[in-house]
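Novice: Sequence:
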Amino acid sequence: ILRDLGFKNINVDLIYGLQDDSFPKVKKDLKKAIAMGATHISAYSLILEEKTILKKLHAEGKFNRLDDDLEAELYKKISAYLKRRGFLHYEISNFARKNFQSKHNLTYWNNMNYMGIGAGASYYLGNTRYTNITNIDKYCESIASGRPACKEVTVLSSEDRMQEEMILGLRKTEGISLTEFKAKYGIDCFQAFPVIRNLINLQLLEAKHDRLYIPEEKLYLSNEVLVNFI
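Those letters in the sequence shown? Residues 1 to 230, per the working numbering, in order.
Any given hint could be a false lead.
Here are the simulated BS3-like cross-link-like pairs (lysine-lysine), alpha carbons at most 27 Å apart as the crow flies [what the hints assert, rightly or not]:
1. 77 to 184
2. 76 to 218
3. 208 to 182
4. 31 to 77
Since the hints were made in silico from the structure, they are not lab data.
Work out the full structure, taking the sequences as your base and the hints as a guide.
Specialist: In structure tokens:
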């Protein structure tokens with residue numbers, strides 16, 4: 001239907017991580033997505049957010065999550081399967097056909113400015129992060145009266161921005177440019193974050209050809225890497 005309407009870039013989001021999830025089961029969904037002509041596939045590990053019904057049901061024992069080791073193996077198999085079928089694994093959870101990477105997501109992961117419009121929207125302009133009022137009625141009242149609709153304004157320090165540069169940029173399989181980091185912040189990232197050398201020694205990071213990145217075979221350990229820059 002979407003293709004008939006003229007859409008050429010179609011994304012499918014998949015979430016895995018329940019106890020009975022297996023690669024044959026997940027592969028069926030991947031095959032369907034590819035057969036439907038998806039040019040972009042996001043495969044996310046299930047996260048149980050606080051104060052959600054899903055979190056409550058899990059606490060009550062209504063369902064179980066997949067074992068961490070099994071989930072890591074499933075992640076690797078998903079990546080290998082999609083790459084064999086012509087998808088580029090360009091971010092921890094995202095895969096795309098050539099030239100179909102998400103422009104919006106790359107703007108975010110490249111730590112660039114972006115605009116958000118509407119109740120609850122977040123946006124990043126200059127060195128400041130804004131979050132709009134979440135209540136729709138109050139948001140509309142603020143707009144109608146000409147008052148700012150922001151409920152939260154956070155001015156980021158240089159240190160904050162460098163941390164976000166690392167945490168967001170290292171989500172991409174190509175990582176970050178060492179030259180661009182220094183040009184942007186006036187400091188070598190190895191000086192800004194001495195922990196990088198330790199992570200390289202642990203083979204959780206690699207630095208080659210002006211880029212710092214998480215090795216593809218270690219992407220499933222990305223959280224263990226990124227937490228070092230918080």
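Novice: Hint numbers the structure violates, sorted upward?
Specialist: 1
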